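Q: Sequence:
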Amino acid sequence: MHIGTQLTAPNGWGDWAKNERYYFSGTHEEQVLIVSFFIHDDAWRVSLRRVPKETFEDALTGSARKILRIQEQFALPPWLQLMEDVDFDSREKMRYKKKKGEYVDTVKTRRTAIEPLLKRQSEILGSDNPLAQIAKIGRECSPTQHPHRLQLWFFAFILHGKHDWALNASQGLIGQWKRDYKKYGLKKFGRTYKDEGTQYGWSSIHFRQEVETTYLSYCGQYKSMMSIYNRAMLDDFGCEVQKHNSGGRSIYQPNNHPYPSYSQYRKIVVDAFGLDAVQTAIYGHVRMRNKATVNEGCYVDQFKNLLESIEVDAYRCDDRAHAAFSDEAMPALIVARAICVKTGAVVGVGFSLGGEKREAYRSMLLCMALPKSLVAKLYGIPEKMLDWPMSGMSPSMLSDRGPAGFESLLDDLEEKIPIKSGAPSYQPRSKPFVEGSNPKSVLQEGAPSFILSDLDLPSMMRREIMRAVKQNRSKDISSHLSEQEIVEFNRLGLTATPQAYWGYLSDRLRTSGYSMLPNQAVKAFCKPIKLAVDRTGVLLYTRHYSSETFRSEGLHALAARVQPKGLKGYCIPLATRYIWMEFAGKLIDLEALKSGSSNGEDYFIPLSVLEDLGKALAELQSRTRKSGRAANIEVEQEFKELTGKAWDAGTSRSGTPKRGRGTVAHEVAVMNDKIRVGAR
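Residue 256 in UniProt numbering sits at position 256 of the sequence shown, with consecutive numbering throughout.
These are computed hints drawn from the structure, not numbers from a lab.
Hints are not guaranteed to be accurate.
In the BS3-like style, the derived pairs of lysine-lysine whose C-alpha atoms are separated by at most 25 Å in a straight line are [as the list claims (entries may be wrong)]:
#, residue 1, residue 2
1, K119, K304
2, K53, K357
3, K377, K594
4, K223, K119
5, K530, K470
6, K527, K615
7, K108, K615
8, K615, K568
9, K523, K357
10, K66, K243
11, K568, K357
12, K384, K357
As the structure is a computational prediction, the values presented were derived from the model and not from experiment.
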């Protein structure tokens, strides 16, 4: 589960309305940020909620689950929900050209407006009041933007996989019913527990001054906000603790005097004195000066969530695959891998041949974004064997300065996945997890030699994917666990492996990752190719592709009739069993058609081999055409020598031939064996 995961409370929960859509937006300072969208004065607005992490996780994973993930995760915000399956890129081309504006212009304008916000995304989400922070940044920009619009566009973009079309204007909810919100007066705002009712708690107006006074009395270095709150509840607000039959506990005030919740207490303090002053009082001036310094002794401690950062590197397989149609050795297989720093899990694997090329990193990013069931299909692995739940895109990555690992990613992918930093070359300690997880080679001395593997290229790629699966299931990452997590793992009977840790954090939505639609990932990371359509199917060099959907929905006949050549497609260069074709506003997945002479493995050959086969076929067809023309002339010449007449000798006469009579009729009858020769 990632940032943007959509949640619902089937029976309501506190001020969570029944069956409304809420968005998980990350965990900051032990508080979970929840975002929702609502209509106010005929315009969409953003609403933010903060839930204590323990309370949120209990509601999400407890025995009586109050919060559930929505089964259908929408790719677009509520004001575009009726256009969920629309391909805006194709629709844009079909619009009436004299329209006042185009969809893409609206999207580009809004993307430009929120660009300063995206650069400070972490700062905004981690602030005490993200909406106010957005408004402040908007005032500093030129030209200034209305804060409500900036807030809406910013959260719509980051909560829907950073999909540009999430910034489109509302198209399909005109005239819909809207909720009418009421004024609450002195009613307490914020989360309320379901069992305690909607009227439980007090407005902060009753105790704001007392909170500020108690904080000034008890604050000091090494004193956390929670310890100050606990002392104030006991000594100043006169609260007591009661134990419930279920084993849980709650605080109450015997005389029913108003008292703050922890979130109210903290917010009042931060509003009154500022976050920097509060943190300085706890950690001291030295810690605050050096708070950005990474603790080199415990690298993982700086990360709290899944996919908060990934490390990227590539390694070379020692053995060489044999060629598809001979026993010659193929170029070395290069394997690019992405490692989640928090869990040590391999999230994505990609390949290239002969060198560290951008194709390896693009296919690695595609593997990260796609569901692993689809990855298994693309590489020819049974889905039940690929027990690999890791997926999602990280907001940042750490790569070295290799020939493709850094520069190629910077070329055109930084807008989608910002490069957090480039580790210095030849310094593996700068990215210890991915370097430490790479397979180790034994250095051989003496004359050079190599291993010619019994595996072909498709089998070798499957082996490296299964290597990642093996590592995720078996690697000991107990050093990554906190003391509380060690106790929790023992209680739950979990093993300290990347796969178990990933599941533990994912169940609690401790993630900084983003989901990416499969179609969006294919267009972003796959290699563009040109396709043609004929009677058999979609043609790529020498190979035909098709699918049940392509045939049953009439797309095959339509494409062959309307646009038989020059169709745009996408593929993974080293695995061409499956490709994608863009047609009629859809991205259609296609499978190679099998021939009787194929053993199945031939269809996973690289695109370069397929291109060579196409050239060989073109050469063969050219030679055949030349030979055929000569053969035609040769036969006609032999016929002339045999008969003394040309192949098509004769004269043109008008009219139609008449029915034969006399000698002609007799000759025809003899030739048809109706009259014996010599009979009268």
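Q: Run every hint past the structure and note whether it holds.
A: Right, here's what the structure says about each hint:
Distance restraint check for K119 and K304: the Cα-Cα separation of roughly 21 Å lies within the 25 Å cut-off, and the hinted pair is therefore satisfied. Note on K53 and K357: the hinted pairing is violated, with a Cα-Cα distance of about 42 Å set against a maximum of 25 Å. For a cut-off of 25 Å, the pair hint linking K377 to K594 stands: about 16 Å separates their Cα positions. Between K223 and K119, the direct Cα distance comes to roughly 33 Å. Violation of the 25 Å bound is thereby established for this hinted pair.
Between K530 and K470 the CA atoms are separated by roughly 37 Å; this puts the pair beyond 25 Å, and the hint is violated. Distance hint between K527 and K615 is fulfilled; the C-alpha atoms sit about 20 Å from each other, no more than 25 Å. Straight-line distance between C-alpha atoms of K108 and K615 comes to about 42 Å, which puts the hinted pair past the 25 Å bound. Distance hint between K615 and K568 is fulfilled; the C-alpha atoms sit about 20 Å from each other, no more than 25 Å.
This hinted pair checks out: K523 and K357 have alpha carbons roughly 19 Å apart, not beyond 25 Å. Under the criterion of a C-alpha separation no larger than 25 Å, the hint pairing K66 with K243 is consistent with the structure, at around 22 Å. Restraint check for K568 and K357: satisfied, since their Cα atoms lie roughly 23 Å apart, inside the 25 Å limit. Restraint check: the Cα-Cα separation between K384 and K357 comes to about 31 Å, which exceeds 25 Å; the hinted pair is violated.
In summary, the structure is inconsistent with hints 2, 4, 5, 7 and 12 from the numbered list given earlier, while agreeing with the others.
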